[in-house]
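*Asks:* Okay, here's what each chain looks like letter by letter:
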Amino acid sequence: MEDSENFKIVAFLCNWCTYAAADLAGTGRLIYPPNVRTVRIMCSGSLDPMYVVKAFLEGADGVLVGGCALGDCHYTSGNYKARRKVAVLREVLDAVGIEKDRLWLRWISASESGLFSETIQQMTKAIKAMGPTLVQGRMIL
Amino acid sequence: MSGYFALDEDSRKDPAGPLGEFCRRLLDEGILDALLVAQHIPDSSMVQHTLVQSPDKMLAVDPVAPVLPVNGGVLAARLTRQDPGGKVGAILRPCEIRAFFELVKLHQGDRERIFLIGMDCMGTFEPPQYREWAKANPEASGRFLEAMLSSGEPPQGAPPLRRCCRACEFPTGEGADVQLLFVGTDGGPCLFAGTEAGETAVKAMNLKNVEEPAKRAKAVETWIKGRIKSRDELFKEVESEILPLDRLLGELSSCITCYNCREVCPACYCKSCVFESNTFEHPASQYLKWAKKKGVVKMPTESLFFHLTRMLHMSTSCVGCGQCTSACPMGIRVSDIFRTVARRTQAVFDYVPGRSLEEPLPMTTYKEDELSPQW
Chain A
1 MEDSENFKIV AFLCNWCTYA AADLAGTGRL IYPPNVRTVR IMCSGSLDPM
51 YVVKAFLEGA DGVLVGGCAL GDCHYTSGNY KARRKVAVLR EVLDAVGIEK
101 DRLWLRWISA SESGLFSETI QQMTKAIKAM GPTLVQGRMI L
Chain B
1001 MSGYFALDED SRKDPAGPLG EFCRRLLDEG ILDALLVAQH IPDSSMVQHT
1051 LVQSPDKMLA VDPVAPVLPV NGGVLAARLT RQDPGGKVGA ILRPCEIRAF
1101 FELVKLHQGD RERIFLIGMD CMGTFEPPQY REWAKANPEA SGRFLEAMLS
1151 SGEPPQGAPP LRRCCRACEF PTGEGADVQL LFVGTDGGPC LFAGTEAGET
1201 AVKAMNLKNV EEPAKRAKAV ETWIKGRIKS RDELFKEVES EILPLDRLLG
1251 ELSSCITCYN CREVCPACYC KSCVFESNTF EHPASQYLKW AKKKGVVKMP
1301 TESLFFHLTR MLHMSTSCVG CGQCTSACPM GIRVSDIFRT VARRTQAVFD
1351 YVPGRSLEEP LPMTTYKEDE LSPQW
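These protein sequences, in sequence, are chains A and B. Residues 1 to 141 (the working numbering) are what the first sequence spells out, left to right. Residues 1001 to 1375 (the working numbering) are what the second sequence spells out, left to right.
Be aware that one or more of the hints could be misleading.
Said to hold, decoys possible - Below are the DSS-like pairs computed for lysine-lysine, each with C-alpha atoms no more than 25 Å apart in a straight line: (1) B:1293 with A:54; (2) B:1292 with A:8; (3) A:8 with B:1289.
Since the hints were made in silico from the structure, they are not lab data. Fair warning: this is a prediction, and the values are worked out from it, not measured in the lab.
Same shape as in the complex, but just chain A (with noise of 0.2 Å):
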């Protein structure tokens, strides 16, 4: 594989739509590129926006959290909560240099597999584009 192909997207999933959804793709035998690493949280709302940053310290090139649709958090607003940490988390990023773009929100309920494989899609073309962040190649503190 390439350099170029070999940059990673770390996806925030919501337990009962958008990680569904990824299931579902699987089962369904959708293909998207196998650069995203998806971790289960049970709502977008109890993602910690520091476990973004700790992603792109980490040498992630981009981050994708993935809740249910606007109404539609299995527990009533936990999607709205996950709205203001990522209106938040855009700020500190780009404040330091982090280009904001590369945060991506997105609402996937549990039967849009292919809404969750073009999502994939288009991501990893977008992040590609961007090419590596200013993480890579530093010794960060």
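Position chain B relative to chain A; hints supplied.
*Replies:* Chain B in isolation, oriented as in the chain A frame:
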């Protein structure tokens, strides 16, 4: 009734005098049972918050001394978290009041349980510099206040104001029951009763109701304008000189992960921080894996991650009190960095920490129709 009241027999040259008398009366006349106020520590030029119950223990009250060893917002929260069993008051600087308001919203304190006295804050020095300067300068606070009011600069020979103070655009005692006013008040300081409780208190003390000082509004506007200018210069400087990741790594390169910045931060209220937990206690082999992957890994591994996490967790509540910078043993400009980032995270929600108890903390609420549908 204007809400403005005169302090008796005051003189600007000795601000501690009338303020001392004012503080004594608050206790003497039973308006308060105890008062949290900055006082000179015996046999030292240093000033610290003290909780005074007995009026005859107000020997060296000096709330305008230009030093802030501890953000008193934390102390006010500690005094009001449960019922203190008496009427407690506190003379606090604006950043302390705003920090206290944030803590109240975080359920760490109770606004109803404390009588707040705010003040026009001229700024503060780094504590060690203050201690040295005040040692050599009797009447240091009076000289400081006089110089600040006449020229906007500390007196000659005094240390510089802390950077965070020069960049503070909230120098008045908003949100307090009573405010001590120095700026734009001809003929000495006066009081402003900002709440019903404040008005009741000053009336009980028989203080003379006076007209709104004619020059006050204009003087405060000019004062704040200067602070905003300095703040914007700070933001520009930090954005270009410190924030880009390569520079930030340079600035943080001397961080010894002592976590002092977190310990003194009024917004960092968690009883147990994730960085004290075993979350980042890795098996020994993990470090070798990291070293192998990158060729080299700095140890301890958590400094940049720690600072970025603190920005994520509490920058929306950062009041810019600068305690983090003052507490950093390595001279890292923590507060300058935090204010610059916090301005952005706060702007997302149009949130000003400490402005109002009515505004919910951004991370505890949401609106269905806000921000972008997705990113």
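*Asks:* It remains to establish, for every hint, whether it holds in the given structure.
*Replies:* So, going through the hints one by one against the coordinates:
1. B:1293 with A:54: holds, 16 Å
2. B:1292 with A:8: Between residue 1292 of chain B and residue 8 of chain A the Cα gap is close to 18 Å, so the pair holds against 25 Å.
3. A:8 with B:1289: holds, 17 Å
Comparing the model with each numbered hint stated earlier shows that all of them hold.
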